[in-house]
Amino acid sequence: MSIRNKAFIVGIYEHPTRKAPDRSVAQLHAECARGALADAGLSRDDVDGYFCAGDAPGIGALSMADYLGLKLRHIDTTELGGASYVAHVAHACEAIAAGKCRVALITLAGRPRSEGRSGTMVRSHPADVPEVSFEQPYGLTTVNMYAMAAMRHMREYGTTSEQLAWIKVAASHHASHNPNAMLREKVTVDDVLNSELVADPLRKLDCCVVSDGGGAVVVASPEIAASLKVPRVVVRGAGETLKGVHGRAGVDLTTTGAAMSGPLAFEEAGVTQGDIKYASIYDSFTITVLMQLEDLGFCAKGRGGAFVADGNLISGVGRLPFNTDGGGLCNNHPANRGGITKVIEAVRQLRGQANAAVQVPNCDLALVQGCGGSLGTRHASATLILERL
Amino acid sequence: MSAEAPLGAVVTTPESRHYWEGVARGVLLLPRCRACGKAHFYPRSFCPHCFSDMLDTFEASGRGTIYTFSVMRRANPPYCIAYVRLEEGPILLSRIVDAPFDTIRCDQPVRLVFRKTAEGDAVPVFAPV
Chain A
1 MSIRNKAFIV GIYEHPTRKA PDRSVAQLHA ECARGALADA GLSRDDVDGY
51 FCAGDAPGIG ALSMADYLGL KLRHIDTTEL GGASYVAHVA HACEAIAAGK
101 CRVALITLAG RPRSEGRSGT MVRSHPADVP EVSFEQPYGL TTVNMYAMAA
151 MRHMREYGTT SEQLAWIKVA ASHHASHNPN AMLREKVTVD DVLNSELVAD
201 PLRKLDCCVV SDGGGAVVVA SPEIAASLKV PRVVVRGAGE TLKGVHGRAG
251 VDLTTTGAAM SGPLAFEEAG VTQGDIKYAS IYDSFTITVL MQLEDLGFCA
301 KGRGGAFVAD GNLISGVGRL PFNTDGGGLC NNHPANRGGI TKVIEAVRQL
351 RGQANAAVQV PNCDLALVQG CGGSLGTRHA SATLILERL
Chain B
1001 MSAEAPLGAV VTTPESRHYW EGVARGVLLL PRCRACGKAH FYPRSFCPHC
1051 FSDMLDTFEA SGRGTIYTFS VMRRANPPYC IAYVRLEEGP ILLSRIVDAP
1101 FDTIRCDQPV RLVFRKTAEG DAVPVFAPV
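Residue numbers (the working numbering), protein chains in the order written: chain A, 1 to 389; chain B, 1001 to 1129.
If you're looking for bench data, these hints aren't it; they were derived computationally from the structure.
Built from N, CA and C at the ideal position, the CB exists for glycine as well.
Careful: at least some of the hints might be erroneous.
Distance ranges between label pairs, derived from CB positions [stated by the list, open to error]:
1) Glu1087(B) with Gly302(A): 49 to 57 Å
2) Gly1037(B) with Lys204(A): 45 to 53 Å
3) Pro130(A) with Glu1087(B): 20 to 28 Å
4) Lys1116(B) with Arg123(A): 36 to 44 Å
5) Arg34(A) with Phe1046(B): 46 to 54 Å
6) Leu72(A) with Leu1029(B): 44 to 52 Å
7) Thr1117(B) with Val317(A): 49 to 57 Å
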């Protein structure tokens, strides 16, 4: 069975806040849920499937469903870090195709900015996590682990810091048109190269923002979608996988899980890279974008540096407009998880509702790529291909 | 050179105790599978390559090369985290010590040395040859 054309994304909402010291995380989830349901023209009582991940307070969905007052017949709390919400869309399509629910609500929210949580802090995990005994003494942070992936990519393929910087430059051009973006100033390659070296070779401007906020997405059956006034955005294909460093394959930091999830999604969708008009690419760091673009097949492996250079990702300038909201690099990375905003901006593009200066003309096919966890250790990859009918 | 950055605490589990006992004696013990012949890291109760539970332990030479690394400049003092490819095959997460940060390179040869945590436990790290 395929999920192709079995379910529609009918509601989206990105919380406008980027700093929310006076709101609870649950409250942010609720505000996002209300926003996405209002966008769809649906009510809370239409929801019969709920999806959330590790940012939701409580055990799985237990507390959130109770708090939101949901009456459910399908629940999925798949936890794939920042990629969770990309996978949740696919899982919602599966559930809808199987008749397990008709209206699926997906929410994300968090306050890492107010709570002072960033990717430069040493990560600590419970002792029964099997790798902890062998990793914890060495000082893993989010940024130094992605930095090691970047360092090896540079070694193997000659990728440069200048090329990585182009990714931030493109994101900043897009963010300059987004009144809600955290970083709205256009930056240059030199600005990126002159920013603080955080963990070689990654500099401050290679990193995403730390922002409070959240987002929600509503996925519905074709029958429900047909009854709504929103533009028709259908899910054509999806893929997901996990990749680690201590299993069978060993350490290979220059390839992401997109090398598996991407082909699965393209095959299910029956389209190719050349058909994609817009791509939301998970952008925790500049290197995350570069490696996933290669692994998705937008360019040959190792040629990502040349592909992203000279504005090729800037809407209206280059061949592959990406993250036209400014992405995690400049706009928003709520809960330190960028998955849901990737889905939301792709839907805006397909609906023709992106900011006017960055709207891709005739945008009928978009790709969403999520990456959760760490490219330096273990990560999840989830890919979606969406179409405007 | 200024003071070296501290290491995090050593946590042992039933599956890692043997490894850390070896480290305390100054050796790096790695598992090798009797069924498929491959060594692996990190040590566990079965072989991640073929899923057999027939494992032997051998003493690694301690020679390897830097697969990749990053100097965490934000930390005070900074430190260099790295994946080191052992000559026996497995790659392990570690740190590079006794090297000016700007001289560290991918594929550079390194050798096993040890450092102590604040609690006095030995931890395997690597230094340039």
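Evaluated hints:
1. Glu1087(B) with Gly302(A): 49 to 57 Å: This hint is violated: roughly 26 Å between Cβ atoms.
2. Gly1037(B) with Lys204(A): 45 to 53 Å: Distance hint for Gly1037(B), Lys204(A) holds at roughly 46 Å.
3. Pro130(A) with Glu1087(B): 20 to 28 Å: With Cβ atoms ~25 Å apart, the hint holds.
4. Lys1116(B) with Arg123(A): 36 to 44 Å: violated (22 Å)
5. Arg34(A) with Phe1046(B): 46 to 54 Å: With Cβ atoms ~49 Å apart, the hint holds.
6. Leu72(A) with Leu1029(B): 44 to 52 Å: holds (50 Å)
7. Thr1117(B) with Val317(A): 49 to 57 Å: Hint holds: Cβ distance 51 Å, inside 49 to 57 Å.
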